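Undergrad: Here's the letter readout for the chains.
Number of protein chains: 2
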Amino acid sequence: MKTAEILILGAGYGGIMTTLHLQKLLSIQEGRITLVNKHRYHYQTTLLHENAAGTAHQDNNRVNIDEVIDTKRVNFVQDEVCEIQTAEKRVLLKSGKTLLYDYLVVALGFEPATFGIPGLKEHSFSIRSINEARKIREHIQCTFARYHHEKRDEMLALVVGGAGFTGIEFVGELVERVPVLCKEYDIDPSKVRIINIEAGQTILPGFAPELVNYAYNYLKNRGVEFYLGRMIKTCTPDGVIIAQGDDEEEIKADTVVWTGGVQGNSLVGQCGFPTARGRVEVRKDLRAPHDDHIFVIGDCAVLYDEQTGRPYPPSAQITIQQAEGCAENIKALLKGQPLKEIKPEFKGTVASLGSEEAIGIVFGKIIVGTKAVIMKKIIDNRYLYMLGGFNLLLKKGKFKLF
Amino acid sequence: MKTAEILILGAGYGGIMTTLHLQKLLSIQEGRITLVNKHRYHYQTTLLHENAAGTAHQDNNRVNIDEVIDTKRVNFVQDEVCEIQTAEKRVLLKSGKTLLYDYLVVALGFEPATFGIPGLKEHSFSIRSINEARKIREHIQCTFARYHHEKRDEMLALVVGGAGFTGIEFVGELVERVPVLCKEYDIDPSKVRIINIEAGQTILPGFAPELVNYAYNYLKNRGVEFYLGRMIKTCTPDGVIIAQGDDEEEIKADTVVWTGGVQGNSLVGQCGFPTARGRVEVRKDLRAPHDDHIFVIGDCAVLYDEQTGRPYPPSAQITIQQAEGCAENIKALLKGQPLKEIKPEFKGTVASLGSEEAIGIVFGKIIVGTKAVIMKKIIDNRYLYMLGGFNLLLKKGKFKLF
Numbered sequence: 193m194k195t196a197e198i199l200i201l202g203a204g205y206g207g208i209m210t211t212l213h214l215q216k217l218l219s220i221q222e223g224r225i226t227l228v229n230k231h232r233y234h235y236q237t238t239l240l241h242e243n244a245a246g247t248a249h250q251d252n253n254r255v256n257i258d259e260v261i262d263t264k265r266v267n268f269v270q271d272e273v274c275e276i277q278t279a280e281k282r283v284l285l286k287s288g289k290t291l292l293y294d295y296l297v298v299a300l301g302f303e304p305a306t307f308g309i310p311g312l313k314e315h316s317f318s319i320r321s322i323n324e325a326r327k328i329r330e331h332i333q334c335t336f337a338r339y340h341h342e343k344r345d346e347m348l349a350l351v352v353g354g355a356g357f358t359g360i361e362f363v364g365e366l367v368e369r370v371p372v373l374c375k376e377y378d379i380d381p382s383k384v385r386i387i388n389i390e391a392g393q394t395i396l397p398g399f400a401p402e403l404v405n406y407a408y409n410y411l412k413n414r415g416v417e418f419y420l421g422r423m424i425k426t427c428t429p430d431g432v433i434i435a436q437g438d439d440e441e442e443i444k445a446d447t448v449v450w451t452g453g454v455q456g457n458s459l460v461g462q463c464g465f466p467t468a469r470g471r472v473e474v475r476k477d478l479r480a481p482h483d484d485h486i487f488v489i490g491d492c493a494v495l496y497d498e499q500t501g502r503p504y505p506p507s508a509q510i511t512i513q514q515a516e517g518c519a520e521n522i523k524a525l526l527k528g529q530p531l532k533e534i535k536p537e538f539k540g541t542v543a544s545l546g547s548e549e550a551i552g553i554v555f556g557k558i559i560v561g562t563k564a565v566i567m568k569k570i571i572d573n574r575y576l577y578m579l580g581g582f583n584l585l586l587k588k589g590k591f592k593l594f
Numbered sequence: 193m194k195t196a197e198i199l200i201l202g203a204g205y206g207g208i209m210t211t212l213h214l215q216k217l218l219s220i221q222e223g224r225i226t227l228v229n230k231h232r233y234h235y236q237t238t239l240l241h242e243n244a245a246g247t248a249h250q251d252n253n254r255v256n257i258d259e260v261i262d263t264k265r266v267n268f269v270q271d272e273v274c275e276i277q278t279a280e281k282r283v284l285l286k287s288g289k290t291l292l293y294d295y296l297v298v299a300l301g302f303e304p305a306t307f308g309i310p311g312l313k314e315h316s317f318s319i320r321s322i323n324e325a326r327k328i329r330e331h332i333q334c335t336f337a338r339y340h341h342e343k344r345d346e347m348l349a350l351v352v353g354g355a356g357f358t359g360i361e362f363v364g365e366l367v368e369r370v371p372v373l374c375k376e377y378d379i380d381p382s383k384v385r386i387i388n389i390e391a392g393q394t395i396l397p398g399f400a401p402e403l404v405n406y407a408y409n410y411l412k413n414r415g416v417e418f419y420l421g422r423m424i425k426t427c428t429p430d431g432v433i434i435a436q437g438d439d440e441e442e443i444k445a446d447t448v449v450w451t452g453g454v455q456g457n458s459l460v461g462q463c464g465f466p467t468a469r470g471r472v473e474v475r476k477d478l479r480a481p482h483d484d485h486i487f488v489i490g491d492c493a494v495l496y497d498e499q500t501g502r503p504y505p506p507s508a509q510i511t512i513q514q515a516e517g518c519a520e521n522i523k524a525l526l527k528g529q530p531l532k533e534i535k536p537e538f539k540g541t542v543a544s545l546g547s548e549e550a551i552g553i554v555f556g557k558i559i560v561g562t563k564a565v566i567m568k569k570i571i572d573n574r575y576l577y578m579l580g581g582f583n584l585l586l587k588k589g590k591f592k593l594f
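Those protein sequence lines, which keep their order, are chains A and B.
Quick note: the first sequence uses my numbering, first residue 193, plus one each step.
Quick note: the second sequence uses my numbering, first residue 193, plus one each step.
Treat the hints as calculated values from the structure; they're not laboratory data.
You can trust all of the hints, since none of them are fake.
Copies of the same chain are indistinguishable here, so a pair counts whether it falls within one copy or spans any two.
No farther apart than 30 Å at their CA atoms in a straight line, the calculated lysine-lysine pairs in the BS3-like style are these:
id: 1; residue 1: Lys-425; residue 2: Lys-444
id: 2; residue 1: Lys-216; residue 2: Lys-532
id: 3; residue 1: Lys-523; residue 2: Lys-289
id: 4; residue 1: Lys-343; residue 2: Lys-230
id: 5; residue 1: Lys-590; residue 2: Lys-216
id: 6; residue 1: Lys-375; residue 2: Lys-590
id: 7; residue 1: Lys-383; residue 2: Lys-313
id: 8; residue 1: Lys-588; residue 2: Lys-375
id: 9; residue 1: Lys-343; residue 2: Lys-286
id: 10; residue 1: Lys-313; residue 2: Lys-343
Just so you know, these numbers come straight off a predicted model, no measurement behind them.
Working from the sequences, and respecting the hints, build out all of it.
TA: Here you go:
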């Protein structure tokens with residue numbers, strides 16, 4: 193029996209969890225596991241808004257990959273994927289290296305979707321990676337530090353485009369961060385604006401109306417300016433132009449962060465699969481259409497929920513469950529056994545509004561306030577435990593020690 | 193007997209120390225003391241290079257003025273001086289207020305001197321205030337954070353123009369800071385350049401050659417690139433163009449900090465006194481020429497040292513001694529007593545090269561290494577003690593607690 197080459201692309205939630213499951217499930221004879229990732233570290237995308245706001249440091253949100261994988265079982269390659277050649281069953285890397293595979297797991301994550309809005313790509317930030325989150329943090333700090341010299345009001349205007357999960361969580365962190373920034377840079381807090389712009393009529397689409405209202409009122413009472421039912425028409429070096437029907441309005445701001453949409457990594461479309469918003473509609477066993485050797489999971493994949501007839505939302509908990517199923521199906525393939533249908537279970541979701549407020553729904557039950565804050569920490573800490581056991585939990589976990 | 197109005201402009205070393213002496217020397221009947229300063233805080237100009245490099249936080253280098261003055265004795269006005277009208281004995285402030293005086297102390301400090309070098313004003317930073325130092329720190333951090341996205345080598349090039357006291361002390365801090373920055377922003381330290389450009393043939397003019405060599409070798413061994421005997425011809429948005437004779441060379445750098453010269457505050461020239469590099473040649477009792485009611489001290493004043501026939505250098509220790517003399521002479525004026533000639537004493541000087549190395553001359557004796565580091569701390573701590581007693585020393589002093 194030949195040892196199978198298993199290649200995993202990306203070490204986000206999907207890639208790292210698939211790797212961890214495979215290194216337990218497979219014997220050395222069954223499979224050689226290779227993991228490719230751009231950075232030497234893994235991070236939690238769902239916490240990047242804290243790094244971007246500056247309320248938490250990026251080192252609390254990343255862990256070196258070789259600290260969580262079994263380096264005797266997994267070959268980690270720090271490199272960038274340039275091309276997936278499915279016919280030749282190989283992957284080309286930026287360094288010039290080529291990796292061959294018998295089975296491929298594509299877990300390359302998301303990109304911001306700008307829907308062709310002019311200027312967004314050039315003049316706005318997106319909360320997409322540790323590097324970009326850190327850039328946002330430093331940009332805000334630098335702009336606040338320059339305020340005393342240039343004294344332009346728009347230097348203190350922070351525009352967040354999009355009122356989905358990430359947008360609102362980021363706004364929540366900014367509410368908490370601004371007083372600290374004002375103290376650090378000797379700025380009058382009343383001059384700072386936090387502006388949230390959303391094309392839809394409410395924030396947090398998909399959440400129960402009472403949670404939406406709770407979050408909206410909480411943030412509004414803390415000074416957040418909401419522009420709902422407004423499209424961003426253009427983003428310029430000076431700010432954004434928003435429109436409602438025929439009415440246009442300019443909001444001047446040195447900082448614009450776009451959280452209004454994501455799509456699958458564009459590499460996935462480039463390798464020939466049919467995609468919608470960069471995402472491949474995978475089969476029930478998570479394999480790509482017409483290719484029995486390629487699994488696609490996480491933000492690059494669309495998997496339909498049979499119960500609702502709608503795709504599962506792109507989220508960490510769904511991806512983590514896909515990763516486990518993906519690893520089991522690879523094991524089944526190697527053993528010549530039938531593959532399982534993967535049916536992730538939606539257990540609930542909690543959105544934080546800074547470190548002291550949150551809203552959510554857990555096992556069908558609505559929670560707000562302290563309960564939701566505690567639940568959010570439990571979710572984050574549970575992930576760390578899954579990832580790196582008790583040691584990692586102690587190192588990076590969210591605890592308040594009294 | 194009429195109570196005299198004593199007005200002190202500026203709360204740097206000179207202004208704050210004059211205030212502290214006067215509030216002790218004068219009775220309430222003798223004089224009403226008013227202190228005007230742009231900021232609510234006093235800071236040590238000689239430590240700003242640490243704030244600019246980011247090795248020390250600005251809050252360790254500033255103290256609220258109302259924490260050190262006796263607010264029952266001194267009227268503190270936070271405002272900016274716009275004009276001194278000597279004929280009318282009044283001072284116009286930015287807020288529109290006018291202050292009348294019987295005796296005026298001008299202690300408005302320095303400005304960077306750019307010697308007409310094109311572009312320096314627009315494209316370089318100077319280490320002149322808390323606001324500007326913080327701006328330098330944030331600019332470097334933000335540029336390093338953006339490096340992963342733009343990957344231009346010049347983003348990691350730090351040019352320091354001038355190898356005098358401030359320039360070299362700043363370079364010393366940068367040497368210490370760069371490894372920390374590289375860790376924070378995931379940058380390979382070997383890509384970062386610290387470049388010092390000096391028109392003269394050596395660094396630290398005025399220091400003993402053995403100290404100059406010691407400092408030069410220490411910094412060079414830590415990777416600092418020195419361009420000595422080179423003038424900065426132009427500063428551009430891309431860096432600097434330096435010249436040696438007819439040879440020109442461009443050094444690309446996103447960060448250029450100019451420390452190559454200072455001059456007296458330009459307000460002093462505007463009020464009609466003859467000045468050279470913005471400094472008034474004062475009489476031996478520290479009064480301005482032809483005006484018996486105005487004292488000028490610190491970086492706005494030139495006082496000649498009779499022993500050497502040369503002016504005292506603009507330095508904190510000379511200014512602090514002038515402040516004491518100035519207060520005593522105001523007291524003498526009020527009493528109708530003869531004024532003293534002020535002869536500051538040069539006790540020595542220590543230049544730090546980061547927190548773990550220093551060079552200096554103290555009471556005529558050359559010191560380097562640990563001795564000099566300790567002496568520098570003693571000097572800084574002694575000033576805090578003079579300024580705010582034991583409490584302030586405990587709060588802001590430089591100690592290593594084991």
